[in-house]
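J.: Okay, here's what each chain looks like letter by letter:
Protein chains: 2
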Amino acid sequence: MPATDQLNIVPFISVENMMDLVLTTGTETFLRELAGYVEEDFRRWESFDKVARVASHSHDGVIELMPTSDGTLYSFKYVNGHPKNTRNGRQTVTAFGVLSDVDSGYPLLLSEMTILTALRTAATSAVVAKHLAPKGARTMAVIGNGAQSEFQALAFKSLLGIDRLRLYDIDAAATERCRRNLQGLGLTIEACRSTEEAVEGAQIVTTVTADKQNATILTDNMIGSGVHINAVGGDCPGKTELHRDILLRSSIFVEYPPQTRVEGEIQQLPQDYPVTEIWRVINGEIAGRESASQITLFDSVGFATEDFSALRYVHDKLRNSDCFQKLDLLADPDEPRDLFGMLLRREALTIA
Amino acid sequence: MPATDQLNIVPFISVENMMDLVLTTGTETFLRELAGYVEEDFRRWESFDKVARVASHSHDGVIELMPTSDGTLYSFKYVNGHPKNTRNGRQTVTAFGVLSDVDSGYPLLLSEMTILTALRTAATSAVVAKHLAPKGARTMAVIGNGAQSEFQALAFKSLLGIDRLRLYDIDAAATERCRRNLQGLGLTIEACRSTEEAVEGAQIVTTVTADKQNATILTDNMIGSGVHINAVGGDCPGKTELHRDILLRSSIFVEYPPQTRVEGEIQQLPQDYPVTEIWRVINGEIAGRESASQITLFDSVGFATEDFSALRYVHDKLRNSDCFQKLDLLADPDEPRDLFGMLLRREALTIA
Chain S
1 MPATDQLNIV
11 PFISVENMMD
21 LVLTTGTETF
31 LRELAGYVEE
41 DFRRWESFDK
51 VARVASHSHD
61 GVIELMPTSD
71 GTLYSFKYVN
81 GHPKNTRNGR
91 QTVTAFGVLS
101 DVDSGYPLLL
111 SEMTILTALR
121 TAATSAVVAK
131 HLAPKGARTM
141 AVIGNGAQSE
151 FQALAFKSLL
161 GIDRLRLYDI
171 DAAATERCRR
181 NLQGLGLTIE
191 ACRSTEEAVE
201 GAQIVTTVTA
211 DKQNATILTD
221 NMIGSGVHIN
231 AVGGDCPGKT
241 ELHRDILLRS
251 SIFVEYPPQT
261 RVEGEIQQLP
271 QDYPVTEIWR
281 VINGEIAGRE
291 SASQITLFDS
301 VGFATEDFSA
311 LRYVHDKLRN
321 SDCFQKLDLL
331 ADPDEPRDLF
341 GMLLRREALT
351 IA
Chain H
1 MPATDQLNIV
11 PFISVENMMD
21 LVLTTGTETF
31 LRELAGYVEE
41 DFRRWESFDK
51 VARVASHSHD
61 GVIELMPTSD
71 GTLYSFKYVN
81 GHPKNTRNGR
91 QTVTAFGVLS
101 DVDSGYPLLL
111 SEMTILTALR
121 TAATSAVVAK
131 HLAPKGARTM
141 AVIGNGAQSE
151 FQALAFKSLL
161 GIDRLRLYDI
171 DAAATERCRR
181 NLQGLGLTIE
191 ACRSTEEAVE
201 GAQIVTTVTA
211 DKQNATILTD
221 NMIGSGVHIN
231 AVGGDCPGKT
241 ELHRDILLRS
251 SIFVEYPPQT
261 RVEGEIQQLP
271 QDYPVTEIWR
281 VINGEIAGRE
291 SASQITLFDS
301 VGFATEDFSA
311 LRYVHDKLRN
321 SDCFQKLDLL
331 ADPDEPRDLF
341 GMLLRREALT
351 IA
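Protein sequences appear in the order of chains S and H. Counting along the first sequence from 1, when you hit position 232 you're at 232 in the UniProt record's numbering, and nothing is skipped either side. Counting along the second sequence from 1, when you hit position 264 you're at 264 in the UniProt record's numbering, and nothing is skipped either side.
If you are wondering where the hints come from, they were derived from the structure by calculation, not from laboratory data. For every residue, glycine included, the Cβ atom is placed at its ideal position computed from N, Cα and C. Accuracy of the hints is not assured; some may be wrong.
[Unchecked claim] Here are a few chain S residues that sit away from chain H, every Cβ distance over 10 Å (derived from the structure):
1) Asn80
2) Gly186
3) Cys236
[Claimed, not checked] Here are the in silico distance ranges between beta carbons for each label pair:
4) S:Lys50 / H:Glu347: 31 to 41 Å
5) S:Thr72 / H:Gln6: 35 to 45 Å
6) H:Arg319 / S:Glu196: 49 to 59 Å
7) S:Asn283 / H:Arg345: 47 to 57 Å
8) H:Arg319 / S:Arg345: 19 to 29 Å
9) H:Leu349 / S:Leu185: 31 to 41 Å
10) H:Lys326 / S:Thr350: 44 to 54 Å
11) H:Ile170 / S:Lys130: 26 to 36 Å
12) H:Asp163 / S:Thr72: 45 to 55 Å
13) H:Asp49 / S:Thr219: 51 to 61 Å
14) S:Arg249 / H:Glu347: 37 to 47 Å
15) H:Gly201 / S:Thr350: 33 to 43 Å
16) H:Glu176 / S:Thr350: 21 to 31 Å
17) S:Arg280 / H:Arg249: 47 to 57 Å
Here chain S stands alone, though its shape is the one from the complex:
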């Protein structure tokens, strides 16, 4: 735990701190270590308090709070989703989060989570793919080459040994940037001119597009037998990426069904359509991929426990790192019941 005996202080990881924490760790090492925390928490899924995220929808987007707790630690993430934001230089998705001690209710950590969410989403995708992707998969198609694409690529390289990428984005400049960003990192990269071209020969297809609307990034004819689909971009009501027919041919794995049925690709299916909770696969209770011809689909929307894992991980890392600042966030009067006295003493101090 970060060394502070001051009750008023909460460690804060700024965006710059987070970048330094990632870079001093190494991005791929960070993704692998983080994946370990994600996997560990999926295995003890039943020990978590789970609620669907608390969403505040507006015309152009949504602001969400995602709380969870394992009885010892509590976390929540604040995250927005505003696709039009990029028009004025803002991020579509920004986030920050807090990790707290359940016994005292005191925050242990405040952290930026825009970068951390991209990392945890990629780590989660890779953890899940370890159980669902065809054995020996080396080629991944990435449809949508925006903010999350490189993180997905590196997580799959680091955890599954993916070494060939086939990229496609409706914006060729995004593909080119993604390709350039990943240069020299041990990946053979092909920039493709269509989704059809990108999925050719790929054992894993990752979709990570950003439009807030029902889109059909993948149609049924593009997906051959044996493929694992890592569907990341469809993550709110009215926002999907896959044609319904693909869903009907796939074995579908989800994080938390009550949330995924509202936000995921399966919002296109009846509410009782059978899906498998991925934690049951990760803890060995249920088989993942069962045949070479099976199409597996991870209908990922992102769940609070993954943010919990990410915050728990970076909080542990702060033990051996100075990548944080000390934030005077909590009132700490000399006597807990004397909040007003603290104000009076500050007044005396300021006048003196």
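Please build the complex by placing chain H on the supplied structure of chain S, with the hints as guidance.
T.: Same frame as chain S, but now just chain H:
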């Protein structure tokens, strides 16, 4: 709005900043101005998205998130309630909050809210009492002389002209500290040896005790006709302060019924027991106090819109104040879709 063109920066009001903001404004002026915002937002109650707070209960306490939005601004507060915390020098209640822009989802302000919550609770109590307390009330009993008591006293002095206080706490040292803290602020203060003694001659009775259990701070015989009861301390399931018989003799006013029926004094009554929503009184739709003999009861539990008002108020105040720090909370890559590139550029910078 605080002057910053940097998209990564969120203004942060630390505990020290908040004390300075209160002290440079003057505590009573701050309470009066804040009460104006609270009143204004109660008047437009129907424009708010309202949900009961999202609570995570544990053995020794609770951690809650309290979000709301008026369609233009969004706020949430994180607040814990851990009565045993004072044993090791911690606060029973600590809090912080965020105000955001609904159009972009970007946070506009992060603020400590331990002090601010005490102020907004007191301001709300006083706003409500303006409509419910007997005309010309000058004497208030304060039962429970802990962290919130002085703020309550000053709010009622500032907004209602209360100038006589009758204090009682099971801990005489708390009463003495409260008396001392309020010295020289224009209040005549009587330290009492019992609740019975404290309520004698008081037109307003404020209960603000902290035990997490059903207690009976006030019994029926203590409350004479015409009194206004400002019941602040009972604010979670299993935590009440008033004997049920008092409730049955009173006209009961609440913030948000779905929340108050779970958390307030009225958890002792049937779920359909008639209560009046205080916003209807504040906006003039329904009469408040209707006779000199009526017992009025504000069953206060604290609602998200009050925190919204408080954050909106301090955010406005930052226009003319430097009582804030700049927090590097949001990722701001040169190109919104190039989050990974930001990391690469940081790496290049660090190596160089």
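J.: Does each hint fit the structure? Answer for all of them.
T.: Against the structure, the hints:
1. Against chain H, the non-interface label of Asn80 of chain S is violated: not every CB pair exceeds 10 Å, the least being about 3 Å.
2. Listed as a non-interface residue, Gly186 of chain S keeps its Cβ farther than 10 Å from every Cβ of chain H; the least gap is roughly 15 Å.
3. Remark: the non-interface label on Cys236 of chain S is consistent with the geometry, its nearest Cβ contact in chain H lying 12 Å away (cut-off 10 Å).
4. At about 37 Å, the CB distance of Lys50 of chain S to Glu347 of chain H agrees with the hint of 31 to 41 Å.
5. The hinted window of 35 to 45 Å between Thr72 of chain S and Gln6 of chain H holds, with their beta carbons roughly 37 Å apart.
6. A C-beta distance of roughly 55 Å is found between Arg319 of chain H and Glu196 of chain S, which places it inside the suggested range of 49 to 59 Å.
7. Distance hint for Asn283 of chain S and Arg345 of chain H: a CB-CB separation of about 40 Å, inconsistent with the stated range 47 to 57 Å.
8. Between Arg319 of chain H and Arg345 of chain S the CB atoms are about 28 Å apart, so this pair conforms to the stated range of 19 to 29 Å.
9. Taking 31 to 41 Å as the suggested C-beta distance range, the pair Leu349 of chain H and Leu185 of chain S does not conform, at roughly 18 Å.
10. The hinted range of 44 to 54 Å is not satisfied by Lys326 of chain H and Thr350 of chain S, whose Cβ atoms lie roughly 22 Å apart.
11. Under the hint 26 to 36 Å, the C-beta atoms of Ile170 of chain H and Lys130 of chain S, about 59 Å apart, miss the expected range.
12. A C-beta distance of roughly 49 Å is found between Asp163 of chain H and Thr72 of chain S, which places it inside the suggested range of 45 to 55 Å.
13. For the pair Asp49 of chain H and Thr219 of chain S, the supplied restraint of 51 to 61 Å is violated, since their beta-carbon distance comes to about 38 Å.
14. About 42 Å separates the C-beta atoms of Arg249 of chain S and Glu347 of chain H, a value consistent with the hinted range of 37 to 47 Å.
15. Range check, Gly201 of chain H to Thr350 of chain S: Cβ separation about 38 Å, and the 33 to 43 Å hint holds.
16. Checked against the hint of 21 to 31 Å, the pair Glu176 of chain H and Thr350 of chain S passes, with Cβ atoms roughly 25 Å apart.
17. The hinted window of 47 to 57 Å between Arg280 of chain S and Arg249 of chain H holds, with their beta carbons roughly 56 Å apart.
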